Amino acid sequence: MKLNLDNAEVEIRERRLGAITGYCGTAGDLYRQSKSGLLKEQERPFSQCTSCSSVTAICQLSMIQDAAVVNHAPLGCAGDFCEFNFCNRTGQVKRGLRLKNANLISSNLREEEIIYGGAAKLEEAVREAKERFQPRVIFITASCASGIIGDDLQGLSELLSEELGLPVIPVFCEGFRSRVWATGFDAAFHAILSRVVKPARQKQPDLINVINFWGEDIFSDLFGKIGLKPNYVVPFTTVDQLERLSEAAATVQVCSTLGTYLAAGLEQQFGVPEVKAPPPYGISGTDAWLRELGRIVGRSPQVEQLISDARESIAPELDELRQTLKDRTVFVSAGAVHGHSIICLLRELGLHVLGGCVWHHDQWFDNRDARADSLDHLISHYGDVDFGICNKQNFELVNLLNRLRPDLFIVRHHGMAVWGGKLGIPTFLIGDEHFGLGYQGLLNYGRKIADTLSNPALVKNLAEHTRLPYTNWWLNQEPYAFLEGRRQS
Amino acid sequence: MTVVEQPRHFCALGAQQTVLAIERAIPILHAGPGCSSKLFGGMSFGAGYQGSGYAGGSAVPCTNTGEQEVIFGGEDRLRQVIDGTLQVMDGDLFVVLTGCTAEIVGDDVAQVVGEYQSRGLPIVHAETGGFKGTSYQGHELVASAIISQLLKPAPQIIEGLVNVWSVVPYQDPFWGGDLEALHGLLAGIGLTPNVLFGFGSGGLAAWRKVPAAQFNLLVSPWVGLGIVQQLQEQFGTPFLHYPVFPIGARETSHFLKDVGQYAGLPEATVSAFIETQEAAFYHYLERASDFFLEFRYDLPGRFFTVADSLYALGISRFLVNDLGLLPGQQFVTDDPPVEHRDLIAGQFASLGPNVTAGVTFTPDGGTVIRELRAYRHLHQPLIIGSSWDKDIAVELDGYHLSIGIPVRDRLILDRSYAGYRGGLRLAEDIYAAILGSYQ
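These protein sequence lines are chains A and B, in that order. Numbering-wise (this note's numbering), the first sequence opens with residue 1 and increments by one. Numbering-wise (this note's numbering), the second sequence opens with residue 1001 and increments by one.
Incorrect hints may appear among the rest.
Said to hold, decoys possible - Simulated crosslink set (BS3-like; lysine-lysine; CA at most 30 Å straight-line):
id	chain 1	residue 1	chain 2	residue 2
1	A	Lys-130	A	Lys-198
2	B	Lys-1152	B	Lys-1209
3	B	Lys-1390	A	Lys-94
4	A	Lys-100	B	Lys-1152
5	A	Lys-130	B	Lys-1209
6	A	Lys-2	A	Lys-94
7	A	Lys-130	A	Lys-229
Said to hold, decoys possible - Covered stretches of chain B (chain A as the covering partner; in silico rule of three or more C-beta atoms under 8 Å from a C-beta of chain A):
id	region
8	1013 to 1027
9	1076 to 1084
10	1200 to 1212
11	1232 to 1238
12	1316 to 1330
Simulated from the structure, these hints should not be mistaken for laboratory data. In this text the structure is predicted, and so the values were computed from the model without any measurement. Positions of the beta carbon are idealized from the N, C-alpha and C atoms, including for glycine.
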């Protein structure tokens, strides 16, 4: 499917990728329904807070070291600034960059602007951003408020670009536009693809774009073995690096929930091949991912060597871990593709996966390539599994965990882990998305699981001394009882 | 209102954290999908890693306003979520809070919530659209909503019962410990404090007792003045406004004497309590004084607070009057309404007998940085602010301690800077930051 980079706004995932946020059944059924075109969104009359596109857009843009982000919004929408600043500083230290606060500013919309329009405030914020941060590029992220009152971000950006002599780029990530907050990644990437990336001046045959969050640098070593080097995007890059994304030999991604739009855009618009393969978690996924990369860059023999060396080197400890973890039960909750990836990983380690729920589901990715279908990969290599799309609905998750009582709960989103803990279930969140990646990732996860299971003192204490905020009535209903069509009267 | 870099407070919808600070109270947000989680991140996790608690974080009911509600209105959607909340969530008090979307679109939330109120349910609503004001004002709006929509006049005033209005939960990262400390001080002189927020505060039952109080005590430069005035109008309860947050012996003793006198407590009881507390305070201060007076390396020459008016003033008075430090420029970040600024500036003008400090009112970190750079630093500065201020402290070769949002470099449990012990804690933390920079 061709991305439309001429439009100012990215098309939301509901329309572009057939994304839905409510489902319960099995992974296999979800896959089959997706392929048959029968899958439908299911509503929930009751809901708890989720997240929004503004968060994910700022997540990607705020850590570009020499760009600035103006959040055109009331001040509460800047609630995530400190989170991304912390992330940014931690990454700066790890990567040897200059330690400094992120270049973030809020236009601080108040009642007056809601009534008369926020243009003047936005102009002030953009001018201040230039003066304070001396950025190469300024991104303006929209908000529900700016969207509803109809501030003309496109027109204002053009005028400000001219006035200030640098690209001022609007990012349309209003929270109300999409239920799928991953749409904000796309909005950020849309801005980067359409306004920052330039056609390649000179191709770099050994450079591989790695679309990721803020994981440890494991690819320098991994790619080094086959004569390649990683170019991590987007956090911690410079504008210059982004301008030259087109020079890379290929683009890989660790999670296509994150990178689908950017990877497809780089291929379609700038001719950088996207590695279309299942995510590199678990042995079969990692094998396929590396082989496809090797094929694209013409290094298949080196990749085969890498695969056999790595598999051999992890084999003894992997066997031990499989013995230790055999038949332990686990439940997984995460963003869509990363959720699939973790389930693959856990099955590879021999755990018994009782089920999983993810925040949303994209029925296809922008590349529309079956080889990259992570759900298909999960089912065909590791078998079916009970599966839901819970849209981060805490009440459903707690109900599920309360019933299933797994030995372990693995979650990847903040504000969720504690609910496993309150139920006395050993729980962890791995923030580093590279931790479980590749062959070494299996060992990392296996060790982490063994450690977590070996001392559950904290969660036992929590379970004994805290109460859940849910009624007994609710805990006795089916976990997905509020999904439209499933509700029992 | 200026643009804001490095925000240290958020919008009126931050009031969800005020609701969560009431035991077994459940906020219901009629707002966009990301509001609650952004505010949770900024005000709770960003306040020294305070988490979900009983029903916060991802458990907060929310309509997650989408395009549908923006175009066609969201009142029916709100009804659905309230209905669900009443079935699913185990709470004693429900507070519907509106965000920007619902307010711009013009949903009649009062009408919707009124339908539930007429069924006798403990539910109120507050208009906390983000553009309406700050998290400080949101806090007042929630308190005001509960008072006007739920409370009834008391059949009888309870002698000695005092409602305490002071720090804003979560907006003050030390709110839990601070309220416990204020409770301890007031109980120490013989009052029955009703602190309303935090551990052991009693939830809805405590709020129902509000009209029965002998008086309301406001310990804050301006936040909460509207609440105590409303209580005076609605129930005739008088109030004492003590504008300085008491940190350390000097201020706390002064505070307790004022409160004791206002409440009509026997002077001997109050004095006896003060005496025991001061004795402990000065016992420890004495032991630290070798260090204060003979440390051979640099100690800060001027302190700069970058904090809300409550903390900026409370900390400044403590450092000046208890520890004998000297102030540089003080930055007040909570955007106090204009009518309250003279009082606050006046307090800084007379911090101690011969000590005054200049004050800058700004919520914008960029303005703070500009002024700190322009200040003529003859000594190493001590910057008491938030995690944002670490960079400027390093740039100025100064010391730094985070005491206000965002606090991302410390874990906060029940630490308090209020009262006598609070002063000792603050001294420990300041000098830990300084000494930690040595080796």
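Hint check against the structure, violated hint numbers in rising order: 4, 5, 6, 7, 10, 11, 12
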